[in-house]
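Enquirer: Keeping the supplied structure of chain A fixed, place chain B upon it in accordance with the hints.
Sequence order for the protein chains is A and B.
Following the UniProt record's numbering, the numbering of the first sequence begins with 1 at its first residue and continues without gaps.
Following the UniProt record's numbering, the numbering of the second sequence begins with 1 at its first residue and continues without gaps.
It is worth saying that the hints were derived from the structure and are not from the lab.
Please note that a few of the clues may not be correct.
Remember, identical chains collapse to one label, so a pair may be satisfied in a single copy or spanning two.
[To be verified] No farther apart than 20 Å at their CA atoms in a straight line, the calculated lysine to any residue pairs in the SDA-like style are these: (1) K243 - P162; (2) K65 - Q18; (3) K141 - N161; (4) K65 - G13.
Residues per chain are reported as follows:
Protein chains: 2
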Amino acid sequence: MSFENISSSKSFGGWHKQFTHQSGALNCEMRFAIYLPPQAFAGEKVPVLYWLSGLTCTDENFMQKAGAHRAAAELGIAIVAPDTSPRGEAVADDPGYDLGTGAGFYVNATQAPWNRHYQMYDYVCLELPKLIEEMFPVSRKRAISGHSMGGHGALVLGLRNPEVYTSISAFAPISNPMNCPWGAKALETYLGPDRATWEQYDASRLMRNADVQIPALVDQGDADQFLAEQLMPEALLAAAREKNYPLTLNMREGYDHSYYFIASFIEDHLRFHAAHLNK
Amino acid sequence: MSFENISSSKSFGGWHKQFTHQSGALNCEMRFAIYLPPQAFAGEKVPVLYWLSGLTCTDENFMQKAGAHRAAAELGIAIVAPDTSPRGEAVADDPGYDLGTGAGFYVNATQAPWNRHYQMYDYVCLELPKLIEEMFPVSRKRAISGHSMGGHGALVLGLRNPEVYTSISAFAPISNPMNCPWGAKALETYLGPDRATWEQYDASRLMRNADVQIPALVDQGDADQFLAEQLMPEALLAAAREKNYPLTLNMREGYDHSYYFIASFIEDHLRFHAAHLNK
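With the rest of the complex left out, here is chain A (with noise of 0.2 Å):
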């Protein structure tokens, strides 16, 4: 098995470092960032909170921008952060940046040419956990969170696996990605036109056909510039509200859809995993 370390560099007593390996699920060689907490160097195994990054970003932009390693220092926590996409030469792509590499929408692509490699849901639920768990000093208790098309994924993960996470949160998500122009390119493009196999990938379906229900944080800006046409938090918070699903949505009053507003809220993201992955 390839699994190769490419850098590593010490953060709030804990370490912040790069792999690459060869992932079946996505049939190519992927990066992915992991920081370990000082508590898992100090005989713990630590819960993960694995974070799924918005369009265009790899494993670093979280990593370097959200201020994120204090908090998870504090908690003993550590968080994994995948790329976005497969990548490489012989992986399909499209000149556009929502969709392709940077652009794998947390989905398993059932059409050609994208289906050899675009099985992103599989990856970040499944393999990547397993080769995590074998690699690290972690337990198997999980929580995820991510931002925009990340945030999307998150929610979708979260919602159709509550065995396999504690808790799931969101900054500004794609929330109902069939209504919205990014999510429809996107799933009609990897899925096909028939929507029915749509509503797998959309959170605010899934919310309302949740059985088991496990808590939810999502934090929204009124300033972001994408919120009416393509965030549609209103779709998710109808679902919460029809279903009691244990939803908190905070509207934040003049934050955009930068690392910012992430920064600005991460703490609290991290507090509430904490609280759950901690039970």
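Expert: Frame of chain A, contents of chain B only:
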């Protein structure tokens, strides 16, 4: 006067903003970033920490990666991050990453063709504070900090202008540029071969000759790849001991030269400056 606000993002209840303006000192258009804490929007004139970045950086690296806004918001300190050199097609440059654009070394160049634009010492010490204090709700209390080449800049500006700044700090500064490859290359290029002219830009030399002493804090990772050849904190420490200069130098076990190191200790530096700015 050209003065344009090119971005604004709310962050920790305050605002991160980028501006462009025409610099008289540098004879070109420049960009800088400012973080204004919430207190600045509540009728308070807040003190300013000037942050000088390292080789290859712009105004963005520190603002995006240091995680400094949280503590700045709590303490009520504005942060101003200038660019690291003049910019533009008319500006002399060099193919090396350690000379020319991105590598102004915070000196006033005397040698052609560099002297036409490379006047970063005057820009940071004189022109920029004047502009900041005219355009924003800030007091005239100023502190200075920086990283690597910017740590050198912070030490040099602070040691030469103890009436301008309340306190100096640095992360992994180039402490003795006359005697390291990065420093000697830049000083010879910008100032010419007469080493006597270099002394006014050498922190260890300046500390040894400082008549007025303001407090200085330096953090240095002991796993920093540039430590032995380029940074030479031992020269600064020797100068401080000789003159009984109020320097605290913390060697940090396992930390490297990256922004993960800066993020880990920036709160300490902000609290250090706050104690002196609020006197």
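Enquirer: Using 20 Å as the alpha carbon limit, work out where K65 and G13 are close: within a copy, between copies, both or neither.
Expert: Result: close both inside a copy and across copies, 18 Å intra and 17 Å inter.
Enquirer: Should K141 paired with N161 be assigned to within, between, both, or neither, using CA atoms and 20 Å as the limit?
Expert: Cα proximity of K141 and N161: one copy only (13 Å, versus 54 Å across).
Enquirer: How would you classify K65 and Q18 at a CA-CA limit of 20 Å: within, between, both, or neither?
Expert: The answer is both: 16 Å in one copy and 17 Å across copies each meet 20 Å.
Enquirer: Can you tell me if K243 and P162 fall within 20 Å by alpha carbon in one copy, between copies, both or neither?
Expert: Intra 16 Å, inter 64 Å, cutoff 20 Å: intra-copy only.
In this structure, none of the earlier numbered hints is contradicted; all agree with it.
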